[in-house]
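From first to last, the protein sequence lines stand for chains A and B.
At position 311 of the first sequence the residue is numbered 311 (the UniProt record's numbering), and the sequence of numbers has no breaks.
At position 109 of the second sequence the residue is numbered 109 (the UniProt record's numbering), and the sequence of numbers has no breaks.
Please keep in mind that the hints were generated in silico from the structure rather than gathered at the bench.
Just so you know, even glycine gets a beta-carbon here, dropped at the ideal spot from N, CA and C.
Check before you lean on any hint, since a few could be wrong.
The list that follows gives simulated cross-link-like pairs (lysine-lysine, DSSO-like), each with its CA atoms no further than 27 Å apart [claimed, not checked]:
#1 A:Lys72 - B:Lys69
#2 A:Lys138 - B:Lys138
#3 A:Lys69 - B:Lys343
#4 B:Lys343 - A:Lys87
#5 A:Lys383 - B:Lys87
#6 B:Lys407 - B:Lys138
#7 B:Lys263 - B:Lys343
#8 B:Lys383 - A:Lys69
#9 B:Lys407 - B:Lys175
#10 B:Lys175 - B:Lys383
#11 B:Lys383 - A:Lys87
#12 B:Lys138 - A:Lys420
#13 B:Lys175 - A:Lys517
#14 B:Lys72 - A:Lys383
#15 B:Lys175 - A:Lys87
#16 B:Lys69 - A:Lys343
#17 A:Lys138 - B:Lys420
#18 B:Lys72 - A:Lys69
#19 B:Lys87 - A:Lys343
#20 A:Lys175 - B:Lys87
#21 B:Lys264 - B:Lys305
#22 A:Lys69 - B:Lys272
#23 B:Lys383 - A:Lys473
#24 A:Lys72 - B:Lys72
#25 A:Lys69 - B:Lys69
#26 A:Lys383 - B:Lys473
#27 A:Lys305 - A:Lys263
#28 A:Lys383 - B:Lys69
#29 A:Lys72 - B:Lys383
#30 B:Lys69 - A:Lys272
Here are some chain B residues the structure puts well away from chain A; computed CB gaps all over 12 Å [what the hints assert, rightly or not]:
#31 Glu186
#32 Asn194
#33 Lys432
2 protein chains.
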Amino acid sequence: MRRFVTDKARNVVNRLASSSHAFPPRAYSPSSLSRFLTSASADLSSVSDSMAGSDYSSAPINIHSINPKVLKCEYAVRGEIVNLAQKLQEELHSNPGSHPFDEILYCNIGNPQSLGQQPITFFREVLSLCDHPSILDKSETQGLFSADSIERAFQILDQIPGRATGAYSHSQGIKGLRDTIASGIEVRDGFPANPNDLFLTDGASPAVHMMMQLLISSESDGILCPIPQYPLYSASIALHGGTLVPYYLDEASGWGLEVSELKKQLETSRAKGINVRALVVINPGNPTGQVLAEANQREIVDFCKKEGLVLLADEVYQENVYVPDKQFHSFKKVARSMGYGEKDISLVSFQSVSKGFYGECGKRGGYMEVTGFSPEIREQIYKVASVNLCSNISGQILASLVMSPPKVGDESYDSFCAEKDAILSSLARRAKTLEEAFNSMEGVSCNRAEGAMYLFPQIRLPEKAIKAAEAAKTAPDAFYARCLLNATGIVVVPGSGFGQVSGTWHFRCTILPQEDKIPDVVARLTVFHQRFMDQYRD
Amino acid sequence: MRRFVTDKARNVVNRLASSSHAFPPRAYSPSSLSRFLTSASADLSSVSDSMAGSDYSSAPINIHSINPKVLKCEYAVRGEIVNLAQKLQEELHSNPGSHPFDEILYCNIGNPQSLGQQPITFFREVLSLCDHPSILDKSETQGLFSADSIERAFQILDQIPGRATGAYSHSQGIKGLRDTIASGIEVRDGFPANPNDLFLTDGASPAVHMMMQLLISSESDGILCPIPQYPLYSASIALHGGTLVPYYLDEASGWGLEVSELKKQLETSRAKGINVRALVVINPGNPTGQVLAEANQREIVDFCKKEGLVLLADEVYQENVYVPDKQFHSFKKVARSMGYGEKDISLVSFQSVSKGFYGECGKRGGYMEVTGFSPEIREQIYKVASVNLCSNISGQILASLVMSPPKVGDESYDSFCAEKDAILSSLARRAKTLEEAFNSMEGVSCNRAEGAMYLFPQIRLPEKAIKAAEAAKTAPDAFYARCLLNATGIVVVPGSGFGQVSGTWHFRCTILPQEDKIPDVVARLTVFHQRFMDQYRD
Numbered sequence: 001m002r003r004f005v006t007d008k009a010r011n012v013v014n015r016l017a018s019s020s021h022a023f024p025p026r027a028y029s030p031s032s033l034s035r036f037l038t039s040a041s042a043d044l045s046s047v048s049d050s051m052a053g054s055d056y057s058s059a060p061i062n063i064h065s066i067n068p069k070v071l072k073c074e075y076a077v078r079g080e081i082v083n084l085a086q087k088l089q090e091e092l093h094s095n096p097g098s099h100p101f102d103e104i105l106y107c108n109i110g111n112p113q114s115l116g117q118q119p120i121t122f123f124r125e126v127l128s129l130c131d132h133p134s135i136l137d138k139s140e141t142q143g144l145f146s147a148d149s150i151e152r153a154f155q156i157l158d159q160i161p162g163r164a165t166g167a168y169s170h171s172q173g174i175k176g177l178r179d180t181i182a183s184g185i186e187v188r189d190g191f192p193a194n195p196n197d198l199f200l201t202d203g204a205s206p207a208v209h210m211m212m213q214l215l216i217s218s219e220s221d222g223i224l225c226p227i228p229q230y231p232l233y234s235a236s237i238a239l240h241g242g243t244l245v246p247y248y249l250d251e252a253s254g255w256g257l258e259v260s261e262l263k264k265q266l267e268t269s270r271a272k273g274i275n276v277r278a279l280v281v282i283n284p285g286n287p288t289g290q291v292l293a294e295a296n297q298r299e300i301v302d303f304c305k306k307e308g309l310v311l312l313a314d315e316v317y318q319e320n321v322y323v324p325d326k327q328f329h330s331f332k333k334v335a336r337s338m339g340y341g342e343k344d345i346s347l348v349s350f351q352s353v354s355k356g357f358y359g360e361c362g363k364r365g366g367y368m369e370v371t372g373f374s375p376e377i378r379e380q381i382y383k384v385a386s387v388n389l390c391s392n393i394s395g396q397i398l399a400s401l402v403m404s405p406p407k408v409g410d411e412s413y414d415s416f417c418a419e420k421d422a423i424l425s426s427l428a429r430r431a432k433t434l435e436e437a438f439n440s441m442e443g444v445s446c447n448r449a450e451g452a453m454y455l456f457p458q459i460r461l462p463e464k465a466i467k468a469a470e471a472a473k474t475a476p477d478a479f480y481a482r483c484l485l486n487a488t489g490i491v492v493v494p495g496s497g498f499g500q501v502s503g504t505w506h507f508r509c510t511i512l513p514q515e516d517k518i519p520d521v522v523a524r525l526t527v528f529h530q531r532f533m534d535q536y537r538d
Numbered sequence: 001m002r003r004f005v006t007d008k009a010r011n012v013v014n015r016l017a018s019s020s021h022a023f024p025p026r027a028y029s030p031s032s033l034s035r036f037l038t039s040a041s042a043d044l045s046s047v048s049d050s051m052a053g054s055d056y057s058s059a060p061i062n063i064h065s066i067n068p069k070v071l072k073c074e075y076a077v078r079g080e081i082v083n084l085a086q087k088l089q090e091e092l093h094s095n096p097g098s099h100p101f102d103e104i105l106y107c108n109i110g111n112p113q114s115l116g117q118q119p120i121t122f123f124r125e126v127l128s129l130c131d132h133p134s135i136l137d138k139s140e141t142q143g144l145f146s147a148d149s150i151e152r153a154f155q156i157l158d159q160i161p162g163r164a165t166g167a168y169s170h171s172q173g174i175k176g177l178r179d180t181i182a183s184g185i186e187v188r189d190g191f192p193a194n195p196n197d198l199f200l201t202d203g204a205s206p207a208v209h210m211m212m213q214l215l216i217s218s219e220s221d222g223i224l225c226p227i228p229q230y231p232l233y234s235a236s237i238a239l240h241g242g243t244l245v246p247y248y249l250d251e252a253s254g255w256g257l258e259v260s261e262l263k264k265q266l267e268t269s270r271a272k273g274i275n276v277r278a279l280v281v282i283n284p285g286n287p288t289g290q291v292l293a294e295a296n297q298r299e300i301v302d303f304c305k306k307e308g309l310v311l312l313a314d315e316v317y318q319e320n321v322y323v324p325d326k327q328f329h330s331f332k333k334v335a336r337s338m339g340y341g342e343k344d345i346s347l348v349s350f351q352s353v354s355k356g357f358y359g360e361c362g363k364r365g366g367y368m369e370v371t372g373f374s375p376e377i378r379e380q381i382y383k384v385a386s387v388n389l390c391s392n393i394s395g396q397i398l399a400s401l402v403m404s405p406p407k408v409g410d411e412s413y414d415s416f417c418a419e420k421d422a423i424l425s426s427l428a429r430r431a432k433t434l435e436e437a438f439n440s441m442e443g444v445s446c447n448r449a450e451g452a453m454y455l456f457p458q459i460r461l462p463e464k465a466i467k468a469a470e471a472a473k474t475a476p477d478a479f480y481a482r483c484l485l486n487a488t489g490i491v492v493v494p495g496s497g498f499g500q501v502s503g504t505w506h507f508r509c510t511i512l513p514q515e516d517k518i519p520d521v522v523a524r525l526t527v528f529h530q531r532f533m534d535q536y537r538d
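Using the sequences and the accompanying hints, generate a full structural model.
Take a look at the structure:
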């Protein structure tokens, strides 16, 4: 299949290269390309014009009087490029043919179902039944739903006090669902998990915010974060007024995480008077896609223990591993296997229903497993969770389902496995095809995606392109991403949104377009890139 | 019906008073009552013992090193009394008969479905179909679901890009659903509403947090809040490090909101150097239940305009009005009817699917309508919304449904109206019965619940009870609430969690126990109160 996709991509590239009217008709003519390549500055100025807001001069608040932490916060995954994409999409809708592509392809965000991935049937059956339990006893229901989904819905309803799926739950989430999740964690890790350690949240993001809120009192509190990092971390640290202490992943060794680098950055920050409170590790990596080796994880655990850091483990891609030589190990399993118990290390693991093979982003389900904190700290976390009452119950149910899928002998087991395997094996093929495509482009190098949902290629931009970006008052990688969007409809996120070694330029591209679209994506990327390089060659 | 309930309650009270073995058997014997009345101090000390956490002495964070704003935050609705309730519930479960009641009755929180209120059928049908759209075309579905729910599910799916109910949406919520909600607001108000002004959120709470985050930079930023207030406001202001500027509602005039009081408090705060940014108004009131008169709302709008304050209008109880002489008017409608347009007043209206007649707390749906802010401020709100990606899609769908229920001619219309009317008229009766019961108790006075879901009676406690509370190191109203819980299983929230005029004592009690339980609730409250007063009479 991989060969098929690559061959198909090559054919499309050849067609495009040989005909200026090929797919889509006006896509790659030199004039339209150069227009798009230079449109960045115009677009930027029009944005800043529309933001002047002079008519609101008597409004009680203005940009100078709001919380400066909000101003400082940036979130590139939904930043300026995405705003431009939405504008182009509206233009395509109101004026078809107005751009050299038929659709916007959102490769900026890990949002599988927005690109056509279908939900896992069993999960949706159970959610549907829990939403409308009065059909559970009806005979027609047997014909519409699998037997084990009906049974599971009954089980879940029995776990919910009063079977009230529309009631606020316990602030940490429904106890019975936490029991199920804890069992799932035990099966995964081979070590005990306590349902009272689980806080169910609307996706992983609110959980991260809760921990940042707890740990950060002022800008003298630092959080060690990987660079590149998922911008939730930089945004959350900014919103809570702390200091992001960067540690750099080593691109040359496949985005390796070196403890010597952690030590160096920790010491540098401490010398500046920063009180470093926690270490964020994203495994599998986002945007970098690397999967940590267990030996590496042990070093990280020891480092946190020795240095008195809370370990914040973003493990939302735990089911997204694509290479046979790597395997996911939770940090809790690693710590427990080293003999560290509850009181030896403070560890928070984040999990989400948005990722994995299920990709249920819109359901906003997730949890954090909080271990190694004293009861009085736990009480504070509980209080913060309580202020928002609880996470949504459908998300809670789904979190229990992903940690306790159908088992051998259940009616849905075979179809569930088939759906899961089809998605994961396809993602693995797509990752490989895109990685190879990037590596075949002039001046581009791309580490393999061992896991997660992204590639993070480095582009060595010609000096002339960097000067054009300067003239357009934008970062070179943002300039590249903007040109790519304007020419192809493909949305990627500039590396500057994640952080990168100074003077290097990257972008993050998801591996999520459906497999039959990958050849087209590869073709568009390849042709665009070549023309961009040709135009700006020094 | 009202007379029936009151009579039934009176009968139960009489039975209880005449027999020490009546309902439940061991409920009100003098020895068990006095044991519970004095158990507060013991419970408190056991809590503080278990919180010592000395085994975590080497943990990287402790109670002195976390964010002090988190420590300062309080959220009484899920505070100490609720923790005790959960403990008692577990004891009842593991050791039935261990307390003088069979169940815990949670009157601490506006959580209708937890007390047996059934969801609105049409809403759940649509949610169920949207969760599992592949059944939409199946013939069995016609037999299970109403025709208009199937039609509505198709409409909603068409509004969702790619029909992907499992995808992250636009950060403000799905555009088509915002269109529906905006139309619903227009029908409600008779003034235009813009879908781009709507931010869909996981219940109203995250929306309030977003605005507080925007408005508060430091403790010199003040937010005018009613006293008593819903503790989400005090908690959110504390978490964001601002200053709550109290204004007192006038209990004597039915919790009246006097603009002269607003002015006085504003001036006092300004004199202290507080930069007051916004005014919070909760209408219908929580915990106070009053519904503002339109003339009063006009004064409030003018006050905000004149003083340069953002008006934060908590309108989540807009469908909960129980008295014929009052009506809900949105602040936006009031402002527009005064001739104030988009640029004349900065107004945020909060709405939720958790309240109304639907009471879908667990779905975590809601929105804020943001008007009168410059584009550059709107961009900042959008950015903060983006950091959490989007609210859950089921909650978004439900928000569109509550603002666009079945219409005349739809198959579900009659049953929908019947369900709605049954819930609202029953709530009105329950409010009246409980209000009368409180007013018949010694030393208790209770304003009527014109709207919302609560009563907030004042209790004039004997000096001896206040001394007993002091001895138990707790506030007198918390002492009363704790004794009530221990003796009856009824959970209420002490007035100190909402704020009250110094030296007065209140508690908040929801009107949500199902109607057939109200006589029992009244009986328990009445007997407990009389015995409490007898024990502590000066």
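Structure-based check of each hint:
This hinted pair checks out: Lys72 (chain A) and Lys69 (chain B) have alpha carbons roughly 20 Å apart, not beyond 27 Å. The suggested pairing of Lys138 (chain A) with Lys138 (chain B) holds, with an alpha-carbon distance near 15 Å, which does not exceed 27 Å. The suggested pairing of Lys69 (chain A) with Lys343 (chain B) holds, with an alpha-carbon distance near 26 Å, which does not exceed 27 Å. A hinted pair counts as satisfied when its Cα atoms are at most 27 Å apart, and Lys343 (chain B) with Lys87 (chain A) qualifies at roughly 25 Å.
Distance check on the hinted pair: Lys383 (chain A) and Lys87 (chain B) sit about 17 Å apart at the alpha-carbon level, within 27 Å; holds. This hinted pair checks out: Lys407 (chain B) and Lys138 (chain B) have alpha carbons roughly 25 Å apart, not beyond 27 Å. Pair hint Lys263 (chain B) plus Lys343 (chain B) holds up; C-alpha atoms about 23 Å apart against a cutoff of 27 Å. Distance hint between Lys383 (chain B) and Lys69 (chain A) is fulfilled; the C-alpha atoms sit about 12 Å from each other, no more than 27 Å.
For the suggested pair Lys407 (chain B) and Lys175 (chain B), the alpha carbons sit about 22 Å apart, so the restraint of at most 27 Å is met. Between Lys175 (chain B) and Lys383 (chain B) the alpha-carbon distance is near 17 Å, which keeps this suggested pair within the 27 Å criterion. Between Lys383 (chain B) and Lys87 (chain A) the CA atoms are separated by roughly 17 Å; this keeps the pair inside 27 Å, and the hint holds. The suggested pairing of Lys138 (chain B) with Lys420 (chain A) holds, with an alpha-carbon distance near 24 Å, which does not exceed 27 Å.
Taking the CA atoms of Lys175 (chain B) and Lys517 (chain A), the gap is about 26 Å. The hint holds against a cut of 27 Å. Pair hint Lys72 (chain B) plus Lys383 (chain A) holds up; C-alpha atoms about 11 Å apart against a cutoff of 27 Å. Taken as a hint, the Lys175 (chain B) and Lys87 (chain A) pair is honoured in the structure, with Cα atoms around 14 Å apart against an allowance of 27 Å. Annotation: proposed proximity of Lys69 (chain B) to Lys343 (chain A) holds, straight-line Cα distance about 26 Å (limit 27 Å).
Only pairs whose Cα atoms come within 27 Å are accepted, and Lys138 (chain A) paired with Lys420 (chain B) is accepted, the gap being roughly 24 Å. A hinted pair counts as satisfied when its Cα atoms are at most 27 Å apart, and Lys72 (chain B) with Lys69 (chain A) qualifies at roughly 20 Å. Distance check on the hinted pair: Lys87 (chain B) and Lys343 (chain A) sit about 25 Å apart at the alpha-carbon level, within 27 Å; holds. Using a Cα cut-off of 27 Å, the hinted pair Lys175 (chain A) and Lys87 (chain B) holds, with the two alpha carbons roughly 14 Å apart.
Taken as a hint, the Lys264 (chain B) and Lys305 (chain B) pair is honoured in the structure, with Cα atoms around 16 Å apart against an allowance of 27 Å. With a CA separation close to 24 Å, the supplied pair Lys69 (chain A) and Lys272 (chain B) stays within the 27 Å bound. A C-alpha spacing of about 21 Å is found between Lys383 (chain B) and Lys473 (chain A), which places the hinted pair at or below 27 Å, so the restraint holds. In summary, the hint linking Lys72 (chain A) to Lys72 (chain B) is supported, as the alpha carbons are separated by about 25 Å, within the 27 Å threshold.
Restraint check for Lys69 (chain A) and Lys69 (chain B): the C-alpha separation of about 16 Å stays at or below 27 Å, so the hint holds. For a cut-off of 27 Å, the pair hint linking Lys383 (chain A) to Lys473 (chain B) stands: about 21 Å separates their Cα positions. At most 27 Å may separate the alpha-carbon atoms for a hinted pair to count; Lys305 (chain A) and Lys263 (chain A) meet this at roughly 13 Å. Between Lys383 (chain A) and Lys69 (chain B), the direct Cα distance comes to roughly 12 Å. Compliance with the 27 Å bound is thereby established for this hinted pair.
Proximity of Lys72 (chain A) to Lys383 (chain B) is assessed by CA-CA distance (about 11 Å); at most 27 Å being required, the pair is judged to hold. A hinted pair counts as satisfied when its Cα atoms are at most 27 Å apart, and Lys69 (chain B) with Lys272 (chain A) qualifies at roughly 24 Å. At the 12 Å boundary, the C-beta of Glu186 (chain B) stays outside the reach of chain A, the nearest C-beta of that chain being 22 Å off. Look at Asn194 (chain B): its CB is around 15 Å from the nearest CB on chain A, clear of 12 Å, so calling it non-interface holds up.
Residue placement check: Lys432 (chain B) keeps its beta carbon more than 12 Å from all beta carbons of chain A (closest about 25 Å).
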